[in-house]
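Same order as they appear, the protein sequences are chains A and B.
Using my numbering, you'd call the opening residue of the first sequence number 6 and step up by one each time.
Using my numbering, you'd call the opening residue of the second sequence number -3 and step up by one each time.
To be clear, the hints were calculated from the coordinates, so they are not data collected in a lab.
Take these hints with a grain of salt, some might be off.
[As the list claims (entries may be wrong)] Where chain A lies over chain B, by a calculated footprint (3+ residues, C-beta under 8 angstroms):
#	stretch
1	89 to 100
2	121 to 129
[Claimed, not checked] Some residues of chain B that are not near chain A, with every Cβ distance over 10 angstroms (derived):
#	residue
3	G16
4	E23
5	P57
6	K70
7	E79
8	P143
Virtual Cβ for every residue (Gly too), placed ideally from N, Cα, C.
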Amino acid sequence: MSLRDKPIRQKLMAILLLTSGVVVVLTCAAFLTYEFVTFRQTTLKNLSTLGRIIAANSTASLAFQNEADAREILSALRAEPHIVAAGLYDKDGRLFARYPADLPVAALPAAPDQDGYRFEHSHLVGYAPVAQASNARLGTLYLQSDLTAVYGTLRLAGAIAALVMGVSLLVAYLLSATLQGTISRPILALAHTAKGVSERHDYSVRAPKLGADELGLLTDAFNQMLSRIEDQDRARLQLITELERSNKELEQFAYVASHDLQEPLRMVSSYTELLERRYGDKLDDKGRTFINFAVDGAVRMQRLINDLLEFSRVSTRGKPMQPVDVNRVLGAVRANLSVAIREAGALVTNEALPSVVADETQLVQLLQNLVGNAIKFRGGERPLVHVSAQPGATECVFAVRDNGIGIAPEYFERIFVIFQRLHARGEYPGTGIGLAVCRRIVERHGGRIWVESAPGQGSTFYFALPTGNGGQVP
Amino acid sequence: MTEADGVLAVDILLVEDNPGDVELAREGLRECKIRNNLHVVADGLEASAFLHRKGAYASRPRPDIILLDLNLPKRDGRDLLREIKEDEELKQIPVVILTTSAAEEDILRSYALHANCYVTKPLGIEQFLQVVRSIESFWFTIVKLPPK
């Protein structure tokens, strides 16, 4: 698991520890470097001072070639345990005396080098001139010091640095463990709330606000969002309840229309007819015409009620959408309209039709109303009805073309409104429900319906059904 | 069937609250070939009492057929239908639902409750009389009914 996927608590701890760790390490490194450099300089300075003193003391022994005296002077170096070797050379560069006395000659340089002090290998070496006040050079003093003292000091400094580092990191860990909470706690609270909301769909919970910083702002914004969702959810539920109630009322209306409204109507028509049966011989022609009007009105009223019922059932009695082969739908339409087709001598032709996702019963009703109209509103010639389809990317457009009487453009909208008729009842029967039902069906499918026509030129009714989310089936 | 004037007559129970429809049924049955006694009750409770020969109906005959409207006062036709079809003795009597309702749920529910047939009252008088005559001729000349 990479750092990216670790819990935020661990991430914050890692960042804080890494930062303080790097700072401590850099500080310690600087301290150690400083210690090392200053201690070397001090050692160098001490050795050169020692060299100057020994050299000054050695002038007499060199001037008088007194070897014993020279050894005596060098043996004073015992007081400085870090001086591991020393040598006194005469002015010709020959070794005159050495320290310690038992030191092998090979351990000392064969001849003195240039004056000065320098670090060589793991030692500090120095050549100091031995001269009298008159500046006549008498010889050279060689001193060799080991660096154990330097390393000892460095080890001590290193140990101190390690201790400081350890303590600092421990303190940093304890501090960060406590302080990371100020950042991680509101985030964790927010995450916990969000998880609860998405798992339980409970929009009434609120994230606790733990400060007025940016996280506090985030918490506020999150809580406001939750309130809005809660309000919308409540509104949605209310809307659903209202919709269910209104649907129930519509169902109730449908039942009332199919039963309670029909009953008195039946009484009116039955008894006016009974009146005619029983007392027809006592009535004159006018009386019988009145009775016919009354019966005709009742019959029409019943048809209107039934049509209204059918119109309302488009949405209340809709069946689920599923893939439907429109060729089969047209087959059903042909069978249902067989009498009308035969009587009118109509010819219903079609192209290969696709499958669509639709309510099959309603699709039959839709196509049946359109084909039925094409036959009903025929002109003088033999009715020719052609059904075709134009599948597209987002919708499939169906067309029902006829050679009938046609429609003037100013009526293109009106014909789809319920109970709107363009012709007298005597010319063409019907209540004017067919196209209104067609439009309702198409709209329930999320599509649209329109007409292209001119009087005497025939009409083409189009309806487009959406093929979205896999609506059209190959 | 009961004997009247020495001739066998069928007993029909009409459960109907609308006097207009009762009159129309009488009109239809008057023109029938078969002699019949039409007994009329106006609600489900009366019908139940008639069928169980309770109270004022103690001496009434058991009907050969029941013409039942669905929407009745006091006790619904559907309730009465259930009672009839759950009764060991009464369930043999054919029940013809004769109602204004053409609602799908009424039709389905009636058959689910073992109605013997479902007829919607037609609008025109001629058709109505024809329906009554058809019921009569089907149930009393074509169908063999169980013996009482």
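Hint check results:
Under the rule that three or more residues need a Cβ within less than 8 angstroms of chain A, the assignment of the stretch 89 to 100 of chain B holds, with 5 such residues. Restraint check on the stretch 121 to 129 of chain B versus chain A: 3 residues with Cβ-Cβ distances below 8 angstroms, three needed, restraint holds. At roughly 5 angstroms, the least C-beta separation between G16/B and chain A is not larger than 10 angstroms, which violates its mark as non-interface. Distance check on E23/B: its Cβ comes as close as 7 angstroms (rounded) to a Cβ of chain A, failing to clear the 10 angstroms threshold; non-interface status is violated.
Remark: the non-interface label on P57/B is consistent with the geometry, its nearest Cβ contact in chain A lying 29 angstroms away (cut-off 10 angstroms). A cut-off of 10 angstroms between C-beta atoms confirms that K70/B is not in contact with chain A; the least separation is 17 angstroms. Residue-level check passed: E79/B sits 22 angstroms from the nearest beta carbon of chain A, beyond 10 angstroms. Its beta-carbon lying about 36 angstroms from the closest one in chain A, P143/B satisfies the requirement of being farther than 10 angstroms from that chain.
Checked against the numbered hints above, the structure breaks hints 3 and 4 and satisfies the rest.
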